[in-house]
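Using the sequences and the hints given, assemble the complete structure.
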Amino acid sequence: MSLCLEEVAFRYGDRNVIDDLSLDLQPGRFYGILGPNGSGKTTLLDLLSGHRKPSAGRIRYRGRQLGVYPHKQLAKEMALVPQNFYVNFPYRVREIVMMGRYPHIPRFRPPTAKDEQIVADVMDETQISEYSGRLVTELSGGEKQRVVFARALAQETPMLLLDEATASMDIHHSIQTLNLVAKRVKSANQTALAVMQDINLAGMYCEHLIFMKHGRIVCHGPTQQVLQPDTIHRVFNVETKVYDEPFSNAKQVVFKR
Amino acid sequence: MTNGSADQPAKQMRIHQLREAVGIQVLLMAAALFLTIVVSTRLGFLTVSFSDVLRIITAKLTGQASLIGDMDALLPVVVLEVRLPRILCAAIVGAGLAVSGAVFQGILLNPLADPYTLGVSAGAAFGASIAILLNLGFLGFYSVPLFAFIGAAATLFFVITLSSSGQGLSSNNLILSGIIVAAILSAGISFLKYLADEHVSVIIFWLMGSFASRTWADVSLTAVAVGIGFLVMMFHARNLNLMSLGNRTASSMGVDTSRVMLVLLITASVIAALCVSVSGIIGFVGLLVPHMVRLITGPDNRKLLPVSLLAGAILLLGADTITRAVLPSEIPIGVLTALIGGPVFCYIFWKRQKMLQGNAP
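Sequence lines, in order, name chains L and B.
Every position in the first sequence, counted from 1, becomes a number in our numbering once 8 is added.
Every position in the second sequence, counted from 1, becomes a number in our numbering once 24 is added.
Derived from the structure by calculation, the hints contain no laboratory data.
Backbone N, C-alpha and C define an ideal beta-carbon position, used for all residues, glycine too.
Any given hint could turn out to be false.
Here are the computed distance ranges between Cβ atoms for each label pair [claimed, not checked]:
id : chain 1 : residue 1 : chain 2 : residue 2 : range
1  : L       : A175      : B       : V224      : 56 to 64 Å
2  : B       : D280      : L       : N45       : 27 to 35 Å
3  : L       : G46       : B       : S214      : 57 to 65 Å
4  : B       : L170      : L       : Q205      : 52 to 60 Å
5  : B       : V248      : L       : A121      : 33 to 41 Å
6  : B       : S194      : L       : N45       : 19 to 27 Å
7  : L       : A196      : B       : I203      : 47 to 55 Å
Partial list, derived from the structure: chain L residues whose beta carbon lies under 8 Å from chain B [as the list claims (entries may be wrong)]:
id : residue
8  : H59
9  : R72
10 : G75
11 : H79
12 : A83
13 : Y94
14 : V95
15 : P98
16 : M107
Anything over 12 Å on all C-beta distances counts as not near chain B; from chain L, calculated [said to hold, decoys possible]:
id : residue
17 : S30
18 : L31
19 : N45
20 : D54
21 : G71
22 : Q91
23 : N96
24 : E103
25 : H112
26 : R115
27 : T145
28 : K194
29 : Q205
30 : E215
31 : R242
32 : K249
And the structure:
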């Protein structure tokens with residue numbers, strides 16, 4: 009399995025949001041996407057999840073054009089944790105997580121015992137079992153985000169797209185969530201592609217980093233190689249020092265004020 | 025995880041009970057609807073006893089004329105040709121407006137949405153006003169409903185075209201386009217009323233809605249439309265659930281969001297347009313019933329839609345029976361639903377605000 013983009017472009021009006029972007033994603037890896045606001049990160053995820061169609065170029069998934077996959081089948085291949093975790097109606101937390109199973113359950117069939125089990129397991133893993141019966145509209149932002157994340161895990165897809173999926177969580181739950189993703193990448197050979205704002209968390213968890221600016225890839229490669237002060241300066245225009253931190257066993261970035 | 029296996033049977037049990045409870049809710053509501061129909065058939069200027077009502081209906085359904093042989097010959101006519109068409113019409117229109125409102129609130133993600141959000145009622149009113157003003161009688165009795173439907177359908181088409189310029193349909197665009205078009209049409213209706221002179225009371229009376237002198241043709245027309253529409257809605261009920269997580273998420277979970285949105289918008293609006301054509305403008309049913317039902321069933325559309333269907337039928341039939349048989353003189357049904365529905369809505373709204381306040385940290 010691999011996801012491959014060739015000279016992909018996406019125009020919104022007359023603005024190039026994604027411009028001549030080529031990328032090859034290998035299975036079983038944790039990729040991080042870093043870039044300033046408005047650099048086209050979310051649009052890139054939209055193109056990969058099939059929510060938007062590229063204006064030019066090709067996206068291939070498992071060797072076939074992404075466009076030929078029916079929506080329903082794609083939903084069994086990729087799950088998305090969106091930036092916006094707002095839920096409009098007062099569903100129970102459990103109902104939201106069960107929605108992750110919809111792509112696997114025929115339209116008029118009730119969930120099977122296996123579906124119930126997957127939902128229960130995912131809620132245990134993400135530590136939201138205690139909220140199971142509560143209304144999602146009553147939860148705090150970070151709690152809602154964990155519910156939406158659990159829903160994506162329940163979808164049980166080979167590929168996981170995360171759009172700032174931990175942005176509203178406290179540091180404990182951010183680390184716990186990213187640990188879960190990393191575990192699935194390691195043990196279940198899932199592929200994760202995460203848009204992140206926290207460069208240090210990205211450095212800790214992602215094996216590969218993709219730096220984006222103005223809809224183009226500035227540089228991408230193994231984290232050890234590309235997480236450098238000059239790259240960060242080129243992309244974010246901030247002064248940094250990058251060093252190996254044995255405590256987190258990863259590269260860490262400190263900023264100049 | 026450790027207590028997962030021990031909890032499992034109990035959990036399964038609870039889920040099973042919950043699902044059964046929904047079945048029971050629907051069953052109870054259906055029984056209540058049947059009872060309401062029988063009771064309201066009995067009520068009226070001429071009181072018909074329960075057993076006579078049941079006998080007349082059974083005789084009609086089974087073709088056994090002997091069942092009503094010893095009865096006053098007027099009773100079957102009153103029941104079959106006057107009361108039942110009106111009663112069934114009121115129930116079907118109530119059902120149609122309620123599911124249409126539930127779907128509008130679901131797609132537009134706006135609790136204020138109702139079947140008329142896209143200007144369907146204003147379009148129907150405009151069409152009906154033209155038919156009345158020009159005294160178009162070439163289709164006899166049906167010209168006003170026909171013009172109302174054409175007006176509603178044209179408005180719907182225009183509003184959807186207006187709001188789909190650019191990147192697909194968005195709920196804000198739809199609501200805004202609906203409001204603008206409805207405002208223009210309202211001004212048009214006022215102008216037509218001004219021109220109408222002595223016909224103005226006919227227009228005003230039509231606008232306030234009525235089920236008086238409905239026929240079996242109205243019943244079958246609305247029944248077919250609401251029936252087919254309801255099936256389409258149930259087919260997409262689960263997609264509608266996913267769309268409450270936002271279009272981006274729904275899309276990633278296998279929903280073709282723009283197509284589902286368009287199909288449901290058109291289905292709900294056509295139901296609303298037909299209902300308005302048959303009965304005039306009846307407000308609040310489509311807004312209120314889904315809100316009330318959601319308090320009982322929760323927001324899952326697979327439960328919300330069937331229960332709303334039955335609740336809408338019972339409520340509007342109840343209201344029509346009150347105005348037809350209980351009040352000393354008949355007042356327009358649209359006025360009655362607003363007079364009852366408005367305060368009830370205020371009460372629910374007030375209760376909910378209080379509840380949310382109580383839960384706030």
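Per-residue hint verdict: M107(L), partner chain B, C-beta under 8 Å
At about 6 Å, which falls below the 8 Å cut-off, the nearest Cβ of chain B leaves the hint on M107(L) intact, so it holds.
In terms of Cβ atoms, is chain B entirely out of 12 Å range of E103(L)?
6 Å, violated
Interface exclusion of R115(L) relative to chain B, criterion Cβ beyond 12 Å:
At roughly 6 Å from the nearest Cβ of chain B, R115(L) sits no farther out than 12 Å, so the non-interface label is violated.
If you check the beta carbons of G46(L) and S214(B), does the distance land in 57 to 65 Å?
Since G46(L) and S214(B) have Cβ atoms about 47 Å apart, the given range 57 to 65 Å is violated.
So does A196(L) sit 47 to 55 Å from I203(B), Cβ to Cβ?
Check passed, 50 Å falls within 47 to 55 Å.
Can the hint on R72(L) be confirmed by a CB-to-CB distance to chain B that is less than 8 Å?
17 Å, violated
Confirm or reject: L31(L) is not an interface residue toward chain B, with every Cβ-Cβ distance exceeding 12 Å.
Given that every Cβ of chain B is farther than 12 Å from that of L31(L), nearest at about 19 Å, it holds.
Just want to verify: N45(L) was marked as not at the interface with chain B; is every Cβ pair farther apart than 12 Å?
18 Å, holds
Starting from the range 33 to 41 Å, see whether the pair V248(B) and A121(L) falls in it by beta-carbon distance.
40 Å, holds
According to the definition I'm using, a residue is off the interface if its beta carbon is farther than 12 Å from all beta carbons of the partner; does Q205(L) meet that for chain B?
18 Å, holds
Distal placement of S30(L) relative to chain B, Cβ over 12 Å
Given a closest Cβ separation of 23 Å, the condition holds.
Classify the hint on H79(L) as holds or violated, based on whether any CB of chain B lies nearer than 8 Å to its CB.
Interface hint status for H79(L): holds (5 Å vs cutoff 8 Å).
The structure does not agree with the numbered hints 3, 9, 10, 20, 22, 23, 24, 25, 26, 27 stated previously, though it agrees with the rest.
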